[in-house]
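Below are the chains, spelled out letter by letter.
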Amino acid sequence: MKNPPSLAFEDHFNISLGDLQKILDISLSRGGDFSEIYLEYKIYNFINMEEDIIKETAESISLGLGIRVLSGEKTGYGYTNDLSFAKIKKTALTAASIASSRALREASPLSPVQFHHNFYPVLESPHKESLEKKISFVKETYHSAQNFDRKIKKVKVSFLDHTQFVTILNSEGLKVSDVRPLIKLACLAIAEKEDKRETGFSGGGGRVGMEYFSTDLTPKEIGQDAAKEALELLEAALPPAGEMPVVLAPGHSGVLVHEAVGHLLEADFIRKKTSIFWNKMGKKVGSSQVTIYDDPTIPYFRGSYNIDDEGTIPKKTLLIERGKMAGLLQDRLSAKLMRRPLTGHGRRQDYSCIPIPRMSNTYIDRGRYSPDEIIKSVEKGFYAHKFLGGQVEDSGKFTFSVSSGYLIENGKLTAPVKQATLIGTNIEILKNIAMIGSDLKFGLQTGTCGKEGQAIPVIDGCPTIKISRMTVGGQ
Amino acid sequence: MEKGKKPMKLKELAESLVTFGKVNGADEVEISILDGYEFSVDVRLGKIENLVEAGSRSLGLRVIKDKKTAFASSSDLSKEALEHLVKNAIKRTKLASPDEFSGLPALSKKRVDIPSLKLFDPEIPSLDSEKKIALATETEKIALEDKRITNSHGSSFETTEIRIIFANSNGFLEEYEQTFCGLSIGLLAGGTDNQVEDYWSSSKLHFKELDSPEEVAKKAVERTVRQIKPRKIKTQKVPVIFEPTMTSWLLGFLFGCVSGVSIYKKTSFLVDKLGKRIGNERVTVYDDGLMPGRLGTRPFDAEGVPSQKTLVMDKGILKNYLCNTYAARKLKLKATGSSSGTSVSPSNFYLKAGNTPPEKIVSSLEKGLILIRTIGHGLNPVTGDISRGAFGLWVEKGEIVYPVSEITISGNLGEILNNIEVVGNDLDFRSPLAGPTIKIKELTVAGQ
Chain A
1 MKNPPSLAFE DHFNISLGDL QKILDISLSR GGDFSEIYLE YKIYNFINME EDIIKETAES
61 ISLGLGIRVL SGEKTGYGYT NDLSFAKIKK TALTAASIAS SRALREASPL SPVQFHHNFY
121 PVLESPHKES LEKKISFVKE TYHSAQNFDR KIKKVKVSFL DHTQFVTILN SEGLKVSDVR
181 PLIKLACLAI AEKEDKRETG FSGGGGRVGM EYFSTDLTPK EIGQDAAKEA LELLEAALPP
241 AGEMPVVLAP GHSGVLVHEA VGHLLEADFI RKKTSIFWNK MGKKVGSSQV TIYDDPTIPY
301 FRGSYNIDDE GTIPKKTLLI ERGKMAGLLQ DRLSAKLMRR PLTGHGRRQD YSCIPIPRMS
361 NTYIDRGRYS PDEIIKSVEK GFYAHKFLGG QVEDSGKFTF SVSSGYLIEN GKLTAPVKQA
421 TLIGTNIEIL KNIAMIGSDL KFGLQTGTCG KEGQAIPVID GCPTIKISRM TVGGQ
Chain B
1001 MEKGKKPMKL KELAESLVTF GKVNGADEVE ISILDGYEFS VDVRLGKIEN LVEAGSRSLG
1061 LRVIKDKKTA FASSSDLSKE ALEHLVKNAI KRTKLASPDE FSGLPALSKK RVDIPSLKLF
1121 DPEIPSLDSE KKIALATETE KIALEDKRIT NSHGSSFETT EIRIIFANSN GFLEEYEQTF
1181 CGLSIGLLAG GTDNQVEDYW SSSKLHFKEL DSPEEVAKKA VERTVRQIKP RKIKTQKVPV
1241 IFEPTMTSWL LGFLFGCVSG VSIYKKTSFL VDKLGKRIGN ERVTVYDDGL MPGRLGTRPF
1301 DAEGVPSQKT LVMDKGILKN YLCNTYAARK LKLKATGSSS GTSVSPSNFY LKAGNTPPEK
1361 IVSSLEKGLI LIRTIGHGLN PVTGDISRGA FGLWVEKGEI VYPVSEITIS GNLGEILNNI
1421 EVVGNDLDFR SPLAGPTIKI KELTVAGQ
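Just so you know, the protein sequences line up as chains A and B, in that order. Taking this note's numbering, the leading residue of the first sequence gets 1, the next gets one more, and so forth. Taking this note's numbering, the leading residue of the second sequence gets 1001, the next gets one more, and so forth.
Calculated from the structure, these hints are not laboratory results. Predicted model only: the values in this text are computed from it and were never measured. Check each hint, because a few of them may be wrong.
These stretches of chain B come out as covered by chain A in the derived footprint (C-beta under 8 Å, 3 or more residues) [claimed, not checked]:
(1) 1084-1093
(2) 1332-1344
Beta-carbon label-pair distances, calculated as ranges [stated by the list, open to error]:
(3) B/1332 to A/85: 19 to 25 Å
(4) A/336 to B/1128: 40 to 46 Å
(5) B/1127 to A/279: 52 to 58 Å
(6) A/316 to B/1107: 56 to 62 Å
(7) B/1343 to A/220: 26 to 32 Å
(8) A/338 to B/1148: 34 to 40 Å
(9) B/1293 to A/455: 28 to 34 Å
(10) B/1148 to A/336: 54 to 60 Å
C-beta: ideal position from N, C-alpha, C; glycine also.
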């Protein structure tokens, strides 16, 4: 894979490298240990189709920089989108004020880093593609859902792409750039029958080029999938409530690993001892069938990046190895304070945000059972197929909202079921994982994760999984 | 906004871009500019963790030509960048479809007296950093004095000052300034494997109205420790009391269902219900953008439509949907000053208080659950169905006997509105969505 084109940030920022070097020095003028400038230019396009018409298109430009100064455990941060030298200097002084040490450091001379990988070697960059072509994909998706069945009464399709140009410079001499494309084509279909009304959802994309929609997932398929789901939900009943065995479908159920494990292995929660995993490194925390990775290097995936938002080259990171806690998601600050190696998981929503440890593409690795074997082993239970999302607390308590699923009766999937909530604590669930399938899949390339008000693209995955007991909330 | 610096001529910029759009062929042009200053400090275990201070500006625009709409936004406010964006948007309108309902609102004769809304507190820009840091530090210190608290997520104090400028080609040109301050803390209690957590916060437009560090800390401690050693319960149907924060959460869901945008899109269970009974006589709901100094107050919405007080539900009867201009035209109704662009947002959306003190609601409960927190997703506006992870306090014979966790509550908003048995007298506008304690006749609580 080729090295991506590096950002000639001077084109957008009109600041010389010499001036930026000065800014790094200024930001250490109160005695900070480390300083960093994050320059970001982002272009964004959006198309929305509803009620049979292209309702609107939108274009957005975001340009700005954030300056961070670290002093021990403290972070000073300032950002601006006024890019005059005077204003940047003021921003640097704001960030610098967090420190109050007499031991002044000087920033090292900047030396550009070239890396030799590209996890998103796209052929047709979305920002260079014509709006007409994007609109044709939107219409194709829309009509595919609408024409799928007469019971489909409403369709909504949105397309969005953004291209993010980042350059990161720091007082250790780092200067590195990345250009990250991101596309999402999403379809919502509403089906009606008598007085019932249900919604189906599908979508695709990732850090891909426009060629994705002919090679990977076509607009037609996206439309059909949304319509199919809405139609199926019309026939679905509310689930029985109570504790029962739960089988998680491959792919979509990856939200479980994201919520129940991933968040609690973010190093900031470990360092602050607010995660229940803080004292469990190397210890057994779940069934020995469970191995979990976070891998920012999977080509074309939504959660991937060539460098993280602190300029670190990311690594595939082992989090749980055969039931034992094996690793953490680190950013620079936590890694330094914990004296642990960097993993390249310092991410931020945009230039106005402080980077924090985050997930990228998180998954449970494949196991040894066939999916059929797993379903057959359940006499009476619940099969969770698709999720709206999930939420976890540091205490390990979590919920997942299941949008669609099935009852399992005598080892077979039977009646379709809608809207269930799964609830539990992560340690219990990890221990209660009884079987893991060989069919590792990933969910839709549309996911977003929120933490401390920052939204970032992620994806997660898992094979078919049987959990011996779990609380299902229903009717 | 930057302190001590004369605000740049953003009003002139907005006006000139409206003219520029018209000259370049747009039928209608709308420009909004936001100029903001933000300060926040996070303190954890007595030390500053993060200190953020920043100023930023952004501009949003909408152009309409031949009934076709295009939007754009930028944080680059250079004239060249903006003029390019306007021209590009006009060009893009060609690719959209004509829509007879599109277009800007007509200029309203009604004018809201901006100073009477008390949106700006001059004390906030004058607070010095030391004082702001001390507020967060003090709050955490008080909370940590309670030995039952085992760890802290930290305490934060933040302030924002924003200036909003709005102009359109129908002759609207207004601006206003608004301040905001917030103090919050998150706490943990219980052992590592028995951890419970909660937080509390106070948010106001005026500094002197903000709860003191002591009030915020005490409330956060109380909310956290009451959850220690939770039990699981069996699945059952029981009466459920919603604390005010939970009523707010329910009102947020109701807001989404009375949104004119959801109605014309048919993504709400309240389609075609205008004028009909959707709740019992205890339910009266308003959306009021004109209450002085409240968090949801604003002189006009994101399209320049003046704010108003709208009766949403009158003793159980659905009276009004909340509409932006587009939804109003679609539904042949009037815009209610609720626009947030292509969608709607609440101003001060609240459930009218009843007469019963909250303590009395609890003491008169024979057996049931006090809902204190929910987590997860699980709201379906199309059906009104609710299914959420929940935390609560179990009540027997009018007394709280133990906390419960790992439960889910499920029900339906339509049914809940018809089954509100008691409305408390404790309405407090802590958030733009506000409601008092309420008691619901029965909900499914799923546990073991």
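To see whether the hints hold, each was checked on the structure:
1. 1084-1093: It holds, with 4 qualifying residues against the three required.
2. 1332-1344: violated (count 1)
3. B/1332 to A/85: 19 to 25 Å: Given range 19 to 25 Å: violated, Cβ gap about 55 Å.
4. A/336 to B/1128: 40 to 46 Å: violated, 31 Å
5. B/1127 to A/279: 52 to 58 Å: violated, 40 Å
6. A/316 to B/1107: 56 to 62 Å: holds, 59 Å
7. B/1343 to A/220: 26 to 32 Å: For residue 220 of chain A against residue 1343 of chain B, whose Cβ atoms are near 29 Å apart, the range 26 to 32 Å holds.
8. A/338 to B/1148: 34 to 40 Å: violated, 28 Å
9. B/1293 to A/455: 28 to 34 Å: Holds - the Cβ-Cβ distance for residue 1293 of chain B and residue 455 of chain A, about 31 Å, lies within 28 to 34 Å.
10. B/1148 to A/336: 54 to 60 Å: Given range 54 to 60 Å: violated, Cβ gap about 32 Å.
Going down the numbered hints, you'll see the structure goes against 2, 3, 4, 5, 8 and 10, while the others check out.
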